[in-house]
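Got chain A; can you put chain B on it based on the hints?
Residue numbers (the working numbering), protein chains in the order written: chain A, 31 to 325; chain B, 792 to 1077.
Please note that the accuracy of each hint is not assured.
[As the list claims (entries may be wrong)] Which bits of chain A does chain B cover? Going by a derived footprint, with three or more residues having C-beta under 8 Å, they are: (1) 39-49; (2) 131-139; (3) 153-166; (4) 192-202; (5) 224-233; (6) 254-265; (7) 288-297.
[What the hints assert, rightly or not] Just a sample of chain A residues kept apart from chain B, beta carbon distances all over 10 Å, derived: (8) S35; (9) V81; (10) S91; (11) A100; (12) V120; (13) T122; (14) G220; (15) R268; (16) G271; (17) S320.
Quick caveat, the hints were computed from the structure, so don't treat them as lab data.
Note that CB positions come from ideal geometry on N, CA and C, so glycine has one too.
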Amino acid sequence: MQRHSLTKVLFVLPSLFAFTMVILIPFFYGLYFSMTDWNGVSDSIKFIGFVHFGRVFTQPSFVYSFLISAAYTAINVVLVNAFGFVLALVVTSNLRFRNFYRAGFFAPYLIGGIVLGYIWQFLFNNTIPSFGKAFSIEAFQTSFLSRSASVIWAMSIVNTWQYAGYIMLIFIAAIQAIPTSLMEAAKVDGAGYFRRVFRILIPMMANAFTISLFLTLTTSFKQFDMNLTLTNGGPATRFLGQPVMASQLLAMDIFNTAKANRMAEAQAIAVILFVALVVVSIIQVSINKSKEVEL
Amino acid sequence: MTRSRRVSSVLGEVVVALLFALFMIPFAMVVLNSAKTSKEIIFDALALPTRWGQLLINVGLIFNNRTVHYGNAFIDSVLITFFSLVVIVLFSSMCAWALVRTRKAWATILFFAFVSAMVIPFQVLMFPLVHWMRILGDFLHFRLLQSIPGMVFAYLGFGAPLSIFIFHGFIKNIPYELEESATIDGCSPAQTFFKIVFPLLQPIIITVLILNGIWIWNDYLLPLLMLGSNGAVQTIPVAVTAFAGAYLKQWDLILTSTLIAMLPVIVLYLFAQRYIIKGMIEGAIK
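Next up, chain A with everything else stripped away, as it sits in the complex (with noise of 0.2 Å):
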């Protein structure tokens, strides 16, 4: 039995190591920083409590951040869900090509958020303004990431063009997981299409939807590939009388507070996140679970 042990603990032993080293102990000194005055460049660091979490609040950039990254996800949640749902409709019927169409609205979600950034940069500033001018459409000659109005609906377009694919595979499992009796006994008695839908099939799925939720919050929130490559955060615009950029997500607020070397105040705002993630997601996860059903 004593060697049984010993070999459990050896086995324990490599990724509890570089679990420890590489989130764990970060993790506690991360919020000890986010209580000094580190700056990444002196040795010197003084403990000086709650101060940055007080002033970060008062900054226009940083309330900017949090608000556009609140409506930013707000959009996500309900696009990508709307696009997945509706795709997964669209493959599980008895449309012919289907398996090809499952494959081909999944493939976005392979490329990373860097490579997409660009991608899509090209499309907003080359492509479509192309088009606008072809075919003398007003709207579409300026990118609409030169505009701070509609910077983050261009974001939100490609965010569901990655994700939609992903969440409409949690769907397909759902739908397929629903005994089709069901569906045909409400075929029978007369019940049509949509009021089949919205009648069983989405309370049968509550479960996907809390994933797919669940998933598409988390992912918004902390979005940051390719906010950094599609916009960069621009263009400028002001907010409180400040100026501010456009689409600088939390993620890249972060990000750009440290570069700037303050890097304690960066680390207080990730602090933050993390609070609000956690606490948006144990909110989100509980309704939802309140809202499923068993067979």
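Coordinates of chain B only, in the frame set by chain A:
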């Protein structure tokens, strides 16, 4: 089928085909414009390329570029992804098995620690991580920053929680009698794991490989912070941004570099589509 229903079903097919075409436009634009010169792109981004040979010229320009060593970045990305996947699969499955088969409090606590760490966003960890990796590297006399082994070590740490969670769920359902009979036949615990349990994990290993592989290949922030934006060791996403930064608005080069970056993933997807889709669903639902 009545006439009106046939019409509406044909209409449905057409609408879906159009939607699909719209979905594929970004890919088409990358391929089309990768085969043009910078001037041709500015002149008309929608036109078909006049000479497809330009695509090879652009690819050549990228691999021979002196500012960004794209070829090296490609090799580094392959090495980092490959070795990270090997250590993640090996050590996570070993760890998960040990945690499942140990009925003690510490195993439960550890498993809980791994699982709850999954909610921590990378942004909270990234700056302290780099600071700490420098201290740790100095202490161990081992280069953790700007090195491939350092990246592999970091990916093991970041990949372990989800991978252990997935393996844990799978191993729980493997009958313990199998291992008992192996022990009676004289297998040591390590032999039991590698000869009996590990081969049974094959379907779930594919899931773990796909989930981690896609993430590591496309990951940007961790390599940027640990390797630097134009260091000796580089990954593809970092090289793509270095390229775009150095050749502002030279879309012939930028688009060709994105094409090369996504090609391996797309080729893999064409061959292993069934496994990738299955793996992604399993990863999400668990």
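Each hint tested on the structure:
Only residues whose beta carbon comes within less than 8 Å of a beta carbon in chain B count, and the segment 39-49 of chain A has 8; three or more means the coverage holds. Only residues whose beta carbon comes within less than 8 Å of a beta carbon in chain B count, and the segment 131-139 of chain A has 9; three or more means the coverage holds. With 6 residues having a beta carbon nearer than 8 Å to a beta carbon of chain B, the segment 153-166 of chain A meets the requirement of three or more and the stated coverage holds. Evaluation of the coverage hint for the segment 192-202 of chain A: fulfilled, as 4 residues show C-beta separations to chain B shorter than 8 Å, against a requirement of three.
Residue count for the segment 224-233 of chain A with a Cβ under 8 Å from a Cβ of chain B: 0. That is fewer than the three needed, and the coverage hint is violated. Evaluation of the coverage hint for the segment 254-265 of chain A: fulfilled, as 4 residues show C-beta separations to chain B shorter than 8 Å, against a requirement of three. Counting residues of the segment 288-297 of chain A whose beta-carbon sits less than 8 Å from any beta-carbon of chain B gives 4, enough to reach three: the coverage restraint holds. For A/S35, the shortest C-beta to C-beta distance to chain B comes to about 8 Å, within the 10 Å cut-off, and the non-interface label is violated.
Here A/V81 stays apart from chain B, with its beta-carbon at least about 18 Å from theirs, past the 10 Å limit. Non-interface call for A/S91 relative to chain B: holds, since the shortest CB-CB distance, roughly 16 Å, exceeds 10 Å. Consistency note on A/A100: stated as away from chain B, and its beta-carbon is indeed over 10 Å from all of that chain's, at 15 Å minimum. Not every C-beta of chain B lies more than 10 Å from that of A/V120, the closest at about 6 Å, which undercuts listing it as non-interface.
A cut-off of 10 Å between C-beta atoms confirms that A/T122 is not in contact with chain B; the least separation is 12 Å. Residue placement check: A/G220 keeps its beta carbon more than 10 Å from all beta carbons of chain B (closest about 16 Å). The claim that A/R268 is not at the interface with chain B holds, since no C-beta of that chain comes within 10 Å of its own (minimum 26 Å). Every CB of chain B is more than 10 Å from the CB of A/G271 (nearest about 28 Å), matching its label as outside the interface.
At roughly 20 Å, the least C-beta separation between A/S320 and chain B is larger than 10 Å, which holds for a residue marked as non-interface.
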